[in-house]
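Asker: Take a look at the letters that make up each chain.
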Amino acid sequence: MKNNVAEWVVGGLLLVAFAVSAALVPGFRDVAYLFDRSTLLTETGLLALALTPLIVAGHIDLSCTAILALVGVIAATLAARLGVPFGLCLVLCPALGAGLGALNGYLVGRRGLPSLVVTIGTMALFRGAAQILAGDSSISVPAAFQGIHHLTLPKTYFHVPMLIYLFLALALGTLLHKTAFGRKIYAVGTSPEAARYSGVPVGSVVFRLFVLSGTVAGLGAALLLSRLGVARYDNARGWELDAITAVVLGGTSIFGGRGTIVGTVLALALVGIVQTGLGVAGIKAEVQVAAIGALLIFAILLGNALRRR
Amino acid sequence: MTRRELPLLVALALLVGVVGGIQPRFFSLDNLKSILLWVPLLAVVALGQMTVILTRGVDVSVGAILALAGMGTALVLRDHPNLNLFLAALLSTALGAVLGAVNGGLVALGRVPAIVATLGTLGIYRGLTFLISGGRQVSEYELPRGLASWSNEGPFGQNLFPWVVLLALVCAGAMQVFLTRTRGGRTLYALGGNPDAAAWHGLPVRSATFWNYVLCGAGAGLAGILYASRYGTVNPATIGTGFELLVIAAVVIGGVSVFGGVGSVPGVLLGCLLLGTINVALSVLSIAATWQLAVYGAVILLAVLFDDLSARRLRRTLTGEETL
Numbered sequence: 006m007k008n009n010v011a012e013w014v015v016g017g018l019l020l021v022a023f024a025v026s027a028a029l030v031p032g033f034r035d036v037a038y039l040f041d042r043s044t045l046l047t048e049t050g051l052l053a054l055a056l057t058p059l060i061v062a063g064h065i066d067l068s069c070t071a072i073l074a075l076v077g078v079i080a081a082t083l084a085a086r087l088g089v090p091f092g093l094c095l096v097l098c099p100a101l102g103a104g105l106g107a108l109n110g111y112l113v114g115r116r117g118l119p120s121l122v123v124t125i126g127t128m129a130l131f132r133g134a135a136q137i138l139a140g141d142s143s144i145s146v147p148a149a150f151q152g153i154h155h156l157t158l159p160k161t162y163f164h165v166p167m168l169i170y171l172f173l174a175l176a177l178g179t180l181l182h183k184t185a186f187g188r189k190i191y192a193v194g195t196s197p198e199a200a201r202y203s204g205v206p207v208g209s210v211v212f213r214l215f216v217l218s219g220t221v222a223g224l225g226a227a228l229l230l231s232r233l234g235v236a237r238y239d240n241a242r243g244w245e246l247d248a249i250t251a252v253v254l255g256g257t258s259i260f261g262g263r264g265t266i267v268g269t270v271l272a273l274a275l276v277g278i279v280q281t282g283l284g285v286a287g288i289k290a291e292v293q294v295a296a297i298g299a300l301l302i303f304a305i306l307l308g309n310a311l312r313r314r
Numbered sequence: 422m423t424r425r426e427l428p429l430l431v432a433l434a435l436l437v438g439v440v441g442g443i444q445p446r447f448f449s450l451d452n453l454k455s456i457l458l459w460v461p462l463l464a465v466v467a468l469g470q471m472t473v474i475l476t477r478g479v480d481v482s483v484g485a486i487l488a489l490a491g492m493g494t495a496l497v498l499r500d501h502p503n504l505n506l507f508l509a510a511l512l513s514t515a516l517g518a519v520l521g522a523v524n525g526g527l528v529a530l531g532r533v534p535a536i537v538a539t540l541g542t543l544g545i546y547r548g549l550t551f552l553i554s555g556g557r558q559v560s561e562y563e564l565p566r567g568l569a570s571w572s573n574e575g576p577f578g579q580n581l582f583p584w585v586v587l588l589a590l591v592c593a594g595a596m597q598v599f600l601t602r603t604r605g606g607r608t609l610y611a612l613g614g615n616p617d618a619a620a621w622h623g624l625p626v627r628s629a630t631f632w633n634y635v636l637c638g639a640g641a642g643l644a645g646i647l648y649a650s651r652y653g654t655v656n657p658a659t660i661g662t663g664f665e666l667l668v669i670a671a672v673v674i675g676g677v678s679v680f681g682g683v684g685s686v687p688g689v690l691l692g693c694l695l696l697g698t699i700n701v702a703l704s705v706l707s708i709a710a711t712w713q714l715a716v717y718g719a720v721i722l723l724a725v726l727f728d729d730l731s732a733r734r735l736r737r738t739l740t741g742e743e744t745l
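Protein chains in written order, with this note's numbering: chain L, 6 to 314; chain E, 422 to 745.
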């Protein structure tokens, strides 16, 4: 248990939050309602999943939501102005995201530049590019492609974004915890120097993780386009902080070397339940951020205290 | 003048030369004034952020501190219009210092990583800003008229050189003396250069870290009232949003290394000035405002690439060979 303190902390908080919400709010026991609310979190959830291995490797990607916005704007522009079939644009989204992620990967992985600064730079660059392309306007997507979050598996509440999220969680969990590449990610995050001397291709591991983050952001762009029906340059602005909050809340060390996909999944569920609970209680979204911030700090302090005993 | 300030000055001179050559209107009083007005707000926050990054930390809550301190002060001024404005400035700074002390306590005593602690307080301070204002803005007519004059009038009669610029220069001077001439300043450089060595050397690592965040918060708090002076209106949804990234960008462009221990006050000031000049240059060249963000991004990337190249060259001259 000592090694997984953070996961136990966030799991415990999740139980408490769920019990309190279910006791106070009758609607909370309605599964359909919970699944419906969960769509709001799926894009952030996807980003958080992809950020987990990256943060385990000791890096950070602040530009992921800017990639999401830029890819969305490019896809919608291709369809609206150049008449490219929109289905094709959606398929292009992850590829575009991968390309943008590769720029981060090159600068951080190959050139050894600090990821915090590089991704602040590319965040401004990518969102700026989206702003140049779209200006202040909203580019609509064809009605046929809207509403993917209303498509569910027959006779269940699992909607498509949720299924993609679950699939990605399984895939990344396997990658991080069951493969040789996953072990290399932990090695890089624990000590890049030691990893290099042990023959781990540090630069290439980091490069691939940034491409992964970009690809998933591109996928998120397609989902968000379908959910909102419009592409704007300021779509998903600030969500990168929500995603990082979830990853860190789930027990991933911001210094790298420690963290699990299970922790991130639990933390996302916790954030979702707290937000939904506060929302039902009539507390505005602008104030909810304070609760999430306090939760983050409380969880880290509690984990620190338990670990020291 | 070190390796860093000179290239920045050259870049700034080139920028001014090229833009002024294309569009002589760039040198008009109005444009110079808008550059000068743009910089102080950024500079007082950047000076505090600089000492945090110097010690391998980062404070992503500065925009939220600016918002909460600025909103708190604006509300007090709305309800007590006769309050002395200097007291109001002190109040804003003190509010910021208290909020910074919370960050400092979490990082120095709670051992929460800096980026995580300040990410958490960012949310808390933003939420509080919204709570204390009830989601409503404080409008220009509700604030004392004297406040705006800080940004409009100056010691030399003409409004070219407003008071806020003087204030930023005084802050920069004080910071320069603190960092280069006092024990506290040397401690911060030592802490950033090698935290373990600093601790083994018997330097007060914990208290230095704590006061570092207090100082950073105080700068952001002061910027809160400067924001109210500059823009007139204080809106809880827009005040200081994303400002932390602009500040970190200015600090990094100014040559402060996120690996700790490297950076200077003149460099940071030049970083702020460069961002401000780009901002005004774009509008003078009638480049759409939509290009601004992308240009900032490109400048940040160029600055880190430049740092990397000069660090490699230095290593080559020191070791006589290419490492890595």
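Take these hints with a grain of salt, some might be off.
Partial selection, computed: residues in chain E whose CB lies under 10 Å from chain L [stated by the list, open to error]: (1) V481; (2) L527; (3) G544; (4) G556; (5) A593; (6) A658; (7) F680; (8) L706; (9) Q713; (10) G718; (11) L722; (12) V725; (13) L726; (14) D729.
Everything labelled a hint here was simulated from the structure, so no lab data went into it. Every residue gets a Cβ at the ideal spot worked out from N, C-alpha and C, and that includes glycine.
Asker: Checking each numbered hint in turn, tell me which of them this model violates, lowest number first.
Answerer: Violated: hints 5, 8.
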